[in-house]
Amino acid sequence: MKSLIPIAIVLLASTAYGIWYTRSRGEFRAKKSLHGPTLTAQIIGAELGSKATMVQFSSAFCSPCRATKVLLEHMVETMPEIHYAHIDAESHLELVRKLDIRSTPTTLFLNSAGVEVGRAMGTPKRDQVLKALAAIA
Amino acid sequence: MTQVQTKKTTPTVIDARGPRFSAVLTTLVLATALISGQTWILVAQGIVFAIGAFRGPQFTPYAFIFRTLVKPRIKGAVKTEDVRPPQFAQSVGLIFAVVGVAGSLAGIPAIFTIATGFALAAAFLNAAFNFCLGCEIYLLIFRLRKA
Chain A
4 MKSLIPIAIV LLASTAYGIW YTRSRGEFRA KKSLHGPTLT AQIIGAELGS
54 KATMVQFSSA FCSPCRATKV LLEHMVETMP EIHYAHIDAE SHLELVRKLD
104 IRSTPTTLFL NSAGVEVGRA MGTPKRDQVL KALAAIA
Chain B
4 MTQVQTKKTT PTVIDARGPR FSAVLTTLVL ATALISGQTW ILVAQGIVFA
54 IGAFRGPQFT PYAFIFRTLV KPRIKGAVKT EDVRPPQFAQ SVGLIFAVVG
104 VAGSLAGIPA IFTIATGFAL AAAFLNAAFN FCLGCEIYLL IFRLRKA
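Chains A and B are the protein sequences, given in the same order.
Going by the working numbering, the first residue of the first sequence is number 4, and it counts up by one from there.
Going by the working numbering, the first residue of the second sequence is number 4, and it counts up by one from there.
Mixed in with the good hints, there may be bad ones.
When the alpha-carbon atoms are kept at most 25 Å apart in a straight line, the in silico BS3-like pairs for lysine-lysine are as follows [what the hints assert, rightly or not]: (1) A:Lys34 / A:Lys72; (2) A:Lys128 / A:Lys35; (3) A:Lys101 / A:Lys35; (4) A:Lys101 / A:Lys72; (5) A:Lys128 / B:Lys149; (6) A:Lys72 / B:Lys74; (7) B:Lys82 / A:Lys101.
Source of the hints: derived by calculation from the structure; they are not laboratory data.
Sequences and hints are given; from them, build the entire structure.
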């Protein structure tokens, strides 16, 4: 039997990370300042909503992307002032870099002007989406 | 297991519980490798990773155990998932296994310990927290590669 120190380190570190990961997925994080780039209908491939737009970035090796898409598409059906756009991250690398998208799914929340007010990484819960949308003036 | 793919754009879907079960077994095997320091255990896990990476995660011995022993005993609605995310994770596991075995053969046990440790962390996160490795690292790798 060799040392138990490596496995202790791995299990402690990954448990700590796992707890943070689980808690932070889907959580809306507001941007501190609204100086980001303005996204237009042409860039995101869908008309901007009159109140807000949710822009989801997805990739191929991502199981929760599908669930997120289903949830958000379903939610906007009953909210005419909110629009939804879905972007494949791999084929929009320049945009991904400009917006600093690091993981998928990442959903950006844009105000009516097309400026990001915050984002959520991972699959958000229904309540988290509603809260994020309510925060957009 | 025969699969008919109608269109190339329609990805194969598998029972989502299969990869999660496999992650539990992978965690146990890699933990044993890390504690014992035995290279052959990492070689064996590396072979499982290779099957998962090249043929698909539904063809590994772990998936076979899931289908024959576990699946018939669990109830509830079957949640399916795209085969590509777990397949990607298997490829990452394979890279760590190859690096770990190479380190061991080169007489540098620290490399074996670190590589096995990372593979174990990923498998454990998947098993315990449903961590999606592809979601977190694929885009970063893609961004770096196309830099």
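To see whether the hints hold, each was checked on the structure:
no.	hint	verdict
1	A:Lys34 / A:Lys72	23 Å, holds
2	A:Lys128 / A:Lys35	23 Å, holds
3	A:Lys101 / A:Lys35	17 Å, holds
4	A:Lys101 / A:Lys72	22 Å, holds
5	A:Lys128 / B:Lys149	33 Å, violated
6	A:Lys72 / B:Lys74	28 Å, violated
7	B:Lys82 / A:Lys101	35 Å, violated
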